[in-house]
Amino acid sequence: EAGVAQSPRYKIIEKRQSVAFWCNPISGHATLYWYQQILGQGPKLLIQFQNNGVVDDSQLPKDRFSAERLKGVDSTLKIQPAKLEDSAVYLCASSRGDTQYFGPGTRLTVL
Amino acid sequence: QKEVEQNSGPLSVPEGAIASLNCTYSDRVSQSFFWYRQYSGKSPELIMSIYSNGDKEDGRFTAQLNKASQYVSLLIRDSQPSDSATYLCAVNLGGNNRKLIWGLGTSLAVNP
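In order, the protein sequences belong to chains A and B.
Here the first sequence stands for residues 23 to 133, numbered as in my numbering.
Here the second sequence stands for residues 1499 to 1610, numbered as in my numbering.
Please keep in mind that the hints were generated in silico from the structure rather than gathered at the bench.
Nothing here was measured: the structure is a model prediction, and the numbers come from that model.
Each hint should be verified, as a subset may be incorrect.
[Said to hold, decoys possible] Derived lysine to aspartate or glutamate pairs resembling EDC-like cross-links, with alpha carbons at most 20 Å apart:
(1) B/1565 with B/1553
(2) A/66 with A/78
(3) B/1597 with A/90
(4) A/100 with A/79
(5) B/1597 with B/1543
(6) B/1597 with A/120
(7) A/66 with A/79
(8) B/1565 with B/1525
(9) A/100 with A/78
(10) B/1540 with A/108
(11) B/1597 with A/107
(12) A/66 with B/1501
(13) A/66 with B/1543
(14) B/1500 with A/78
(15) A/37 with A/107
(16) A/66 with A/120
(17) A/37 with A/108
(18) B/1597 with A/36
(19) B/1565 with A/78
(20) A/66 with A/36
(21) B/1554 with A/120
(22) B/1597 with B/1525
(23) A/100 with A/85
(24) A/105 with A/36
(25) B/1500 with A/108
(26) A/93 with A/78
(27) B/1554 with B/1581
(28) B/1500 with A/79
(29) A/100 with A/90
(30) A/66 with B/1503
(31) B/1540 with B/1525
(32) A/84 with A/107
(33) B/1565 with B/1503
(34) A/37 with A/78
(35) A/66 with B/1525
(36) B/1597 with B/1503
(37) B/1597 with B/1501
(38) A/33 with A/108
Given the sequences, and given the hints that come with them, work out the whole structure.
And the structure:
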């Protein structure tokens, strides 16, 4: 069974630029999560989708972050404009039950 | 504020010893509990899940859950240098949204 796929793996941008990340969950997993992980901290949930509906986006900075999951499969997370403090690893995870499985993550550096 | 707390470490143990990692949580209605391992520069990888009070063993790993005391622990027997990583505790609050509350992680160093 293929795992969670993410791209790109690394991204370097200047502040105020925009960036987008892509995630393809494990086949059959209805729930998809985007996390932000800053070095030395646990993952912080940004948004959770159940199929193509949003379950929780309470910690998503909506003035600059957006996410969508069209057709209930792939998802994209966008940041526009980026700030220095957005430098982090962005993790995508998916689940069918309680257990979440993570993709390799995208390491974002904002200069 | 629902919280999950872990000692940040670093926890240092000699090779072959038992490493004991602890996690406490604040929400009494929590239903399921997870331990993830995260190597530096990698994403979290599931090690164990536990749902009922008591012990659950998988190879060198044992998860222990005590809901009355609101703690969950992970024991690693015969620790190996390859076990050196950060161990994240995550707690599911229950209900339909399956949201996990994460600890900050405990850094483990196994010394040869």
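Here is how each hint holds up against the structure:
1. B/1565 with B/1553: holds (12 Å)
2. A/66 with A/78: holds (12 Å)
3. B/1597 with A/90: holds (18 Å)
4. A/100 with A/79: Roughly 14 Å separates the two Cα atoms, so the pair holds.
5. B/1597 with B/1543: holds (17 Å)
6. B/1597 with A/120: holds (9 Å)
7. A/66 with A/79: With a Cα-Cα distance of about 11 Å, the restraint between residue 66 of chain A and residue 79 of chain A holds, given a limit of 20 Å.
8. B/1565 with B/1525: With Cα atoms ~10 Å apart, residue 1565 of chain B and residue 1525 of chain B stay inside 20 Å; holds.
9. A/100 with A/78: holds (17 Å)
10. B/1540 with A/108: holds (18 Å)
11. B/1597 with A/107: Cα-Cα ~24 Å, so violated.
12. A/66 with B/1501: holds (13 Å)
13. A/66 with B/1543: holds (16 Å)
14. B/1500 with A/78: holds (15 Å)
15. A/37 with A/107: Holds, at roughly 9 Å.
16. A/66 with A/120: The given pair, whose Cα atoms are some 17 Å apart, holds under the 20 Å limit.
17. A/37 with A/108: holds (9 Å)
18. B/1597 with A/36: The given pair, whose Cα atoms are some 33 Å apart, is violated under the 20 Å limit.
19. B/1565 with A/78: violated (26 Å)
20. A/66 with A/36: violated (23 Å)
21. B/1554 with A/120: holds (17 Å)
22. B/1597 with B/1525: holds (13 Å)
23. A/100 with A/85: holds (11 Å)
24. A/105 with A/36: Cα-Cα ~8 Å, so holds.
25. B/1500 with A/108: Violated, at about 24 Å.
26. A/93 with A/78: Given pair residue 93 of chain A, residue 78 of chain A holds - Cα atoms ~18 Å apart, limit 20 Å.
27. B/1554 with B/1581: Given pair residue 1554 of chain B, residue 1581 of chain B holds - Cα atoms ~19 Å apart, limit 20 Å.
28. B/1500 with A/79: Between residue 1500 of chain B and residue 79 of chain A the Cα gap is close to 17 Å, so the pair holds against 20 Å.
29. A/100 with A/90: Between residue 100 of chain A and residue 90 of chain A the Cα gap is close to 9 Å, so the pair holds against 20 Å.
30. A/66 with B/1503: holds (14 Å)
31. B/1540 with B/1525: Given that 20 Å is the threshold and the Cα spacing comes to 29 Å, the pair is violated.
32. A/84 with A/107: holds (15 Å)
33. B/1565 with B/1503: holds (15 Å)
34. A/37 with A/78: violated (27 Å)
35. A/66 with B/1525: Roughly 18 Å between the alpha carbons, so the hint for residue 66 of chain A and residue 1525 of chain B holds.
36. B/1597 with B/1503: OK: residue 1597 of chain B and residue 1503 of chain B at ~17 Å, within 20 Å.
37. B/1597 with B/1501: Measuring from Cα to Cα gives roughly 13 Å; hence the hint holds.
38. A/33 with A/108: At roughly 12 Å apart (the allowed maximum being 20 Å), residue 108 of chain A and residue 33 of chain A satisfy the hint.
Of the hints listed earlier, those the structure fails to meet are numbers 11, 18, 19, 20, 25, 31 and 34, in rising order.
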